[in-house]
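Position 413 of the sequence shown, counted from 1, bears residue number 413 in the UniProt record's numbering, the numbering being contiguous throughout.
There's no promise every hint is true.
[Stated by the list, open to error] FRET-style restraints, in silico, Cβ to Cβ:
{"#": "1", "residue 1": "Gly72", "residue 2": "Pro431", "range": "51 to 59 Å"}
{"#": "2", "residue 1": "Ala318", "residue 2": "Gly295", "range": "25 to 33 Å"}
{"#": "3", "residue 1": "Glu264", "residue 2": "Arg309", "range": "52 to 60 Å"}
{"#": "4", "residue 1": "Gly295", "residue 2": "Ala188", "range": "27 to 35 Å"}
Worth flagging that the hints you see were computed from the coordinates, not collected in a lab. Don't be surprised by glycine CBs; every beta carbon is placed ideally from N, CA and C.
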Amino acid sequence: MTTARPALVWFRDDLRLADHPALAAATASGRPLVALYVLDEMSPDLRPLGGAARWWLGEALAMLGEDIARAGGELVLRRGPAREVVADLVAEAGIGAVYWNHRHLAPAAAIDNRIAEDLAATGIEHHGFPAALLHDPDAVRTKGGTPFRMFTPFHRAASAGPLRAVLPKPVRFVWAEPPRGDHLADWALAPGKPDWTGGLRATWTPGEAGAHRQLGAFLAEGFAGYATTRDRPDLPGTSRLSPFLRFGHLSPHQVVAALHRAREAGSAPPADVAAFERQLWWREFAWHLLAHFPGIERRNVQPRFDALRWRHDDAFLAAWQQGCTGYPIVDAGMRQLWQTGWMHNRVRMVSASLLVKHGLIHWNAGEAWFWDTLVDADAANNAMNWQWVAGTGADAAPYLRVFNPVLQGRRFDPDGAYIRAFVPELARLSPNAIHAPWQAEAAVLDAAGVTLGVTYPHPIIGHEVGRERALRAYAAIRD
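Working from the sequences, and respecting the hints, build out all of it.
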C-alpha cells in the first residue's frame, strides 16, 4: 500500500477513462486516486446548461460512475462554486496533488487559474493537460505569432502539425477512501413533469461505451460516401458524434485515430476521411477563436454588424421554435431538434438562415434556443455557426447569402423522406408538392388531407419578401 497523499482527478467536460491525460498522469504518479465531478452553477459568468444538455449530463455522470465503480473506485459528486468545493475536498481528503484537463472558455479558465493559485499557495501540486482539442489554442498561430481569424489558413497550419498518441485506459487503479458526495438523483438534472425526454432517451445512449458504439457503427455502416452524403438529412450520412465530443466521452484524437485505422484498412475512402477531418478542424477553429477572443459567444466578431437593425418579433420566433413556419424543411428540422435534441447540420444552416435573414431576428435568440434544446450545445460551435449564417463572424459566409428553404429542401431531401419523418401532416404529398405545399393545386392538397392555414401553416413570410428585406438591412450598414 502506498503512503503517498491522494491525487484528486477533477472530471469536467471529459467524462471518459480512456485517452484522459489527467487521469493517466495521476495514475502514473502512484498516488491513490479520488475522482471528482463538480456541478458549478454558482460561480460568476458560467452559463448554465440548457435543458437537453442537463439531461445528457445526468445520464453521462451515471455512466461514468458505473465505469469508475467497475474499476474499483467511486465518483464523488459535489455541487457549488468550484473554487470552494475543490478547496474543501482537498482539505477533507488530505489531497497532495490535483489533476485536470484544460478548459478553454474564459470564465472556466479563470476559475481554474484561481484554483491553481490557491493550491500553489498551500503547497499542493496541480497539473493541467490539453485534452479536448487536437491542438492547444496557443500552439497554432500565424507566422507573426497572432491567432488565426480565417478557417482556411488555420486548417492548413493546424492539420500540418503532429498529433499526440491516443492514451489507453489505465490498466490498474489504486483508489483512496472517497470522501462523502452528493446523490446524483438529488441534482434533478432530468426534467420532472412534464418529462419531455422520451425522444432523447430513444435516440441516444450517453457515456463512453455509447460513444464508441456510435463511432464504430458510423465507420462500419454510414461512412462510405460521407463527402457527398453528409448534406442529406434523409440519409444516415453523418456521424452524430457531436454530443459525445461535447461531453468528452470521446476525444478528437480517438476519432482521428479511428479514421486513420479505417483508411489504412481500406474501409474508409481518403476523400471521406478528409471531409470528416475538416469538420473536426472546424470544431477546433471555433474553440481557438473563443479562447483567443473571449465573449464572441455573445457578441458579433465583426463590430460593424452591431449597427444592424434587428427586428423584435415574438410571433415569428415562436413559430420558428415550434416548427410552424410553413417551410417544410425548416419545420422538419425544428421538430427533429425538439424530439431528439439534435438536428442535421445542413438543416441547422437553413433553419438559422430563415430566422436571422428572413426574420431579421438577432442570432442571439436562435443561439439561445439551440443552447437549450441541443444535446450537443457547445459554447464555441453554437455561437460561431450562428455567426457564420448571420454573416457577423470571423470566417462568415457572405452576408448577402440568404438560403432559399424550398430549393434547399428539393436539393437535399429530394423525395421528402426527411420531411415526412418529422412533419407527418404532409406525409401524403408527392415529392413535387411536399417542399412548397402552397404552390400545389387544391385537388392535390385535398387528396393528401392538407388544409393550408388549418392542418399546416402558410409560409410565415415569402422567400423573396424576406430576402429583399434582409438585403436592405445589411446594405444599410454597408452604406
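Is it true that Gly295 and Ala188 lie within 27 to 35 Å of each other by Cβ? holds (31 Å)
How does the Cβ-Cβ distance of Ala318 and Gly295 compare with 25 to 33 Å: does it lie in that range? Taking Cβ atoms as reference, Ala318 and Gly295 lie about 28 Å apart, which means the hint holds.
Regarding Gly72 and Pro431, is the given constraint of 51 to 59 Å on their beta-carbon distance met? holds (57 Å)
Hint check for Arg309 and Glu264 - Cβ pair distance inside 52 to 60 Å: holds (54 Å)
Checked against the numbered hints given earlier, the structure satisfies every one of them.
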